[in-house]
Every structure is written in C-alpha cells, then in structure tokens.
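Let's have the full structure, built from the sequences with the hints guiding it.
Listed below are the residues making up each chain.
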Amino acid sequence: MSRVRVLVGTRKGAFVLSADGKRDSWDVSGPHFAGWEIYHVKGSPADPGRLYASQYSGWSGQVIQRSDDGGATWEPVGNQFRYDGIPGTHQWYDGTPHPWEFERVWHLEPSLEDPEMVYAGVEDAGLFRSADGGQHWEELPGLRGHGSGPSWQPGAGGMCLHTIILDPVHPGRMFAAISAAGAFRSDDAGQTWRPVNHGLKSEGIPDSDAEVGHCVHRVAMHPSRPDVLYMQKHWDVMRSDDAGESWREVSGNLPTDFGFPIDVHAHEPDTIYVVPITSDAEHYPPDGRLRVYRSRTGGDDWEPLTSGLPQQHCYVNVLRDAMAVDSLEDCGVYFGTTGGQVYASPDAGDTWAPIVRDLPAVLSVEVQTLP
Amino acid sequence: MIRVVLPAHLRALARIDGEVELDVTGPVTQCSVLDALEARYPALRGTIRGHDGGPRRAFIRFFACEQDLSHQDPDTPLPEPVASGAEPYLIVAAMAGG
Numbered sequence: 035m036s037r038v039r040v041l042v043g044t045r046k047g048a049f050v051l052s053a054d055g056k057r058d059s060w061d062v063s064g065p066h067f068a069g070w071e072i073y074h075v076k077g078s079p080a081d082p083g084r085l086y087a088s089q090y091s092g093w094s095g096q097v098i099q100r101s102d103d104g105g106a107t108w109e110p111v112g113n114q115f116r117y118d119g120i121p122g123t124h125q126w127y128d129g130t131p132h133p134w135e136f137e138r139v140w141h142l143e144p145s146l147e148d149p150e151m152v153y154a155g156v157e158d159a160g161l162f163r164s165a166d167g168g169q170h171w172e173e174l175p176g177l178r179g180h181g182s183g184p185s186w187q188p189g190a191g192g193m194c195l196h197t198i199i200l201d202p203v204h205p206g207r208m209f210a211a212i213s214a215a216g217a218f219r220s221d222d223a224g225q226t227w228r229p230v231n232h233g234l235k236s237e238g239i240p241d242s243d244a245e246v247g248h249c250v251h252r253v254a255m256h257p258s259r260p261d262v263l264y265m266q267k268h269w270d271v272m273r274s275d276d277a278g279e280s281w282r283e284v285s286g287n288l289p290t291d292f293g294f295p296i297d298v299h300a301h302e303p304d305t306i307y308v309v310p311i312t313s314d315a316e317h318y319p320p321d322g323r324l325r326v327y328r329s330r331t332g333g334d335d336w337e338p339l340t341s342g343l344p345q346q347h348c349y350v351n352v353l354r355d356a357m358a359v360d361s362l363e364d365c366g367v368y369f370g371t372t373g374g375q376v377y378a379s380p381d382a383g384d385t386w387a388p389i390v391r392d393l394p395a396v397l398s399v400e401v402q403t404l405p
Numbered sequence: 013m014i015r016v017v018l019p020a021h022l023r024a025l026a027r028i029d030g031e032v033e034l035d036v037t038g039p040v041t042q043c044s045v046l047d048a049l050e051a052r053y054p055a056l057r058g059t060i061r062g063h064d065g066g067p068r069r070a071f072i073r074f075f076a077c078e079q080d081l082s083h084q085d086p087d088t089p090l091p092e093p094v095a096s097g098a099e100p101y102l103i104v105a106a107m108a109g110g
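Residue numbers (this note's numbering), protein chains in the order written: chain A, 35 to 405; chain B, 13 to 110.
By construction, these hints were calculated from the structure, which means they are not laboratory data.
Quantities reported herein were computed from a predicted structural model and do not represent experimental measurements.
Treat the hints with caution; some may be incorrect.
What the hints assert, rightly or not - Pulled a few chain A residues facing chain B out of the computed Cβ check, cut under 7 Å: (1) Gly69; (2) Gly92; (3) Thr107; (4) Trp108; (5) Pro110; (6) Asn113; (7) Gln114.
As the list claims (entries may be wrong) - Quick list of the computed label-pair ranges, beta carbon to beta carbon: (8) B:Met13 with A:Pro205: 27 to 35 Å; (9) B:Glu78 with A:Asp54: 40 to 48 Å; (10) B:Ala106 with A:Gly122: 26 to 34 Å; (11) B:Ala20 with A:Ser258: 42 to 50 Å.
Cβ coordinates follow ideal geometry from the N, Cα and C atoms, glycine included.
As structure tokens, then:
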C-alpha cells in the first residue's frame with residue numbers, strides 16, 4: 035500500500051508525519067533541528083529519499099540540511115549565498131534605495147529529474163541554484179537583473195522569493211513569484227526573466243495595474259496543464275490560461291479573497307483550494323471559522339469545506355507555503371496553521387482531522403507520496 | 013590547547029558534546045581560533061561570522077576572562093589565560109535573536 039510523508043517546517047524545528055494510504059494513523063518524528071526556524075522542507079521528485087531543508091536562526095543565520103534517507107538522518111551542506119556581481123539596490127520601505135542583502139531561504143524546489151539539482155528562493159529576493167546537492171550555490175542573476183529589480187519593495191514579511199514552479203512539459207520554462215514584486219517567467223532555464231503580471235490589480239500600489247509591485251502570495255500549477263496558473267494575491271484569487279501572459283480574477287463567491295496558500299487537486303486540474311483570511315490587518319479566518327474553500331471549476335464558484343475544522347473561536351493563519359496535496363487515488367489535502375495544527379483530509383477536502391494540534395507555528399507543509 | 017565553548021544551538025548543529033579543544037598554530041587571536049574551529053567543524057561556517065572570515069554575526073558575542081571581546085579587532089591576541097588553556101573562549105548567543 036502506498037504511504038505518505040508530510041514534511042512540516044515550524045518556527046522551532048521540523049517534523050515528519052508518516053502514514054499509510056488510509057491516512058488515519060500517524061507517526062510523528064521531530065523536532066528535527068530543534069529551536070531553529072525551518073522555513074521549508076521538500077523532497078526530490080526524482081529520489082524521494084533526498085530531502086532538503088532550510089534552517090534559520092536569528093543568531094546564526096542560514097543553514098541548509100540534506101537527507102538521503104527520507105529525513106531519518108541529516109547533514110548540513112552549503113550555506114553561502116552570494117549575489118552575483120555587485121548586488122545593486124532595491125527599494126526600502128521608505129522608498130529609498132537599499133542594498134541587496136541575503137537574509138534567509140524561504141523556499142527550496144528540487145529539480146524534477148536530478149536529485150542533485152535544487153533551486154532556492156531567498157530574501158532579499160533572488161533565485162539560487164545548486165547542482166551538487168546543496169554544497170555550492172550560484173545565483174541566477176537574470177531575475178534580479180532583468181530591469182525592474184531596483185523598483186522592487188519588501189512586503190511586511192520581507193522581500194522574499196517564495197514560489198518556484200518548474201514546468202514539466204515545456205523544457206526550460208519556470209516561474210517565480212516575489213512579495214512584493216509579482217510573478218516572473220523564464221523560458222530558458224532561469225537565464226533570462228520577464229514579469230508576467232498583466233491583469234493583476236493591486237490597490238496598495240500607486241499604479242494599480244503596474245508591471246511589477248504586486249504582492250503575490252502564492253502561485254500553483256497542475257503538472258498536466260502547465261499553461262494554467264492559479265494565484266493567491268494579497269487580495270484577489272487569480273487565474274491565467276496562457277502561462278502568465280494574462281490574468282483574470284476568479285475570486286467569485288469567496289467570503290474574502292485575501293489569503294496566502296493556493297493549491298491544486300492532484301488529479302483534477304480544475305479543483306483548487308484556498309483558505310480565506312479576513313483581511314490584510316486581520317490574519318485569521320472570517321468569524322473565527324476555519325474554512326477551506328474548494329472550487330471544482332477552476333475558480334469563480336467556491337464551496338466551503340468545514341467538516342472537522344473548528345467553526346468557532348479560531349484565529350489562526352495559514353501561511354503561503356503551508357498547504358500541499360498528495361497524489362493517492364483519493365487525493366489528500368494538508369495544511370498547517372500558525373497555531374501549530376496540521377490538518378489532513380484524505381478525501382479531497384470533504385472531511386478533515388488534525389494530525390497534530392500543538393506544534394510550533396507552522397511555516398510550511400509539503401507531502402511526498404511513496405510506493 | 014585552546015578551549016572553546018559554543019552555544020547549545022551550534023553544538024547541536026556541529027554535533028559537539030561539551031567544550032572543544034583546539035590546537036592553534038601562530039598567534040592566538042579570535043580570528044585564528046575561529047579559523048581552527050571552522051576547519052574542524054565546517055558546518056559552523058557562516059553561523060558565527062561571515063564566510064571567509066567575515067564580520068561577527070550581530071547576535072553572536074565573544075567573551076573570555078569576564079571581558080566582552082566582541083568589538084575587538086579579530087587579530088588582537090587573546091588574553092594569556094585563553095592562549096594557555098586556563099580559561100575558555102566563550103562564543104555566546106546574545107540575549108536576543110532566537
């Protein structure tokens with residue numbers, strides 16, 4: 035029977051949650067790297083035993099950990115992230131130029147084919163790549179250097195590159211998203227980039243439909259249909275049917291279109307999930323009711339999913355990298371909260387149950403489906 | 013022989029139990045001690061100071077002989093009791109940053 039392994043990054047360590055295909059009984063391992071902030075843990079699609087973890091502390095900065103046995107043991111690898119050439123400046127919160135300074139790795143995206151190849155999205159926003167299993171990192175400077183970089187500004191959480199999507203169909207195509215700059219696309223394996231934000235409207239910037247400056251929170255793609263992208267923006271849920279060339283709003287009947295994560299069902303490219311959050315100031319669910327919303331029509335028409343989720347006095351948030359799906363026949367959906375709960379649904383969102391209730395605040399959730 | 017005490021989070025990272033004992037050739041300075049420490053434990057590179065001998069991380073402090081050496085030139089000789097091994101060189105996680 036197939037198994038699932040849920041990789042959870044929290045404010046004070048990493049946890050590995052394992053279950054068989056029924057997903058009703060869980061083994062909990064951790065904390066790994068106790069006391070450190072674990073921004074992201076992700077496995078290689080080409081070798082499920084190969085995991086990468088981003089480990090950070092305010093005292094000692096960035097560490098990258100690598101496992102070759104599915105998280106049972108770990109080894110620190112390279113942690114030197116040096117921007118290419120003279121880094122230049124972006125805008126600071128007050129609009130003044132500010133030198134690019136590496137702070138931390140938000141997101142690790144292993145290659146679809148090569149376990150030794152992994153991409154890192156970092157703060158201050160930049161894209162790095164390692165071809166030797168994380169030992170050495172080099173920047174792909176075409177993203178910061180394509181032209182708009184000096185105008186990028188940090189969001190409230192810092193100027194982070196949080197989304198990296200590798201297109202499994204079009205060789206060399208990849209997407210990145212930055213808060214608060216927007217979405218970007220490369221068609222040559224990350225050498226050159228251009229903004230792909232046409233159709234986004236953001237009231238919080240002077241020119242609401244500017245080419246860059248949008249606070250994109252998360253972008254998701256279904257691998258079978260890579261030209262269709264879904265986006266949770268600061269406000270607005272958006273959809274592109276042409277690989278980011280244009281976007282249209284699909285917030286539809288959501289109670290609020292503010293939120294952080296967005297994800298796609300493993301087998302139904304038109305079934306997508308978001309977690310509506312009250313507002314930019316109130317980072318908790320509307321009315322204290324934790325509801326995942328599912329659309330089976332690729333947006334616009336949404337249904338609340340509440341079975342097993344707290345429907346009163348719930349004031350947690352779900353961060354941008356804290357939702358994932360497995361690829362079992364009955365697609366499992368998972369998300370973690372800032373209150374330390376990790377919820378699982380073994381039936382595509384119809385019913386939910388907590389795997390754990392009292393972890394440190396959850397920063398990220400990924401899932402591996404294992405034979 | 014130089015004795016070095018690391019904060020708990022770095023002992024865990026480098027899998028160190030207790031004090032570290034280092035042989036340092038040449039002048040015993042903060043720089044030469046950290047060079048020897050990082051050579052033995054490469055996982056510590058970048059977690060105490062910048063890579064390639066860069067500046068001290070903001071929330072890491074260096075103490076010895078009841079003195080705060082954090083702001084001294086890293087090439088200044090360490091106090092004799094540290095150089096002789098009578099006193100440890102303390103690498104401390106500041107009361108902030110965690």
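The hints, checked one at a time:
| no. | hint | verdict |
| --- | --- | --- |
| 1 | Gly69 | holds (5 Å) |
| 2 | Gly92 | holds (3 Å) |
| 3 | Thr107 | violated (11 Å) |
| 4 | Trp108 | violated (10 Å) |
| 5 | Pro110 | holds (4 Å) |
| 6 | Asn113 | holds (5 Å) |
| 7 | Gln114 | holds (5 Å) |
| 8 | B:Met13 with A:Pro205: 27 to 35 Å | violated (57 Å) |
| 9 | B:Glu78 with A:Asp54: 40 to 48 Å | violated (58 Å) |
| 10 | B:Ala106 with A:Gly122: 26 to 34 Å | holds (31 Å) |
| 11 | B:Ala20 with A:Ser258: 42 to 50 Å | holds (47 Å) |
Of the numbered hints stated above, those contradicted by the structure are hints 3, 4, 8, 9, listed in ascending order.
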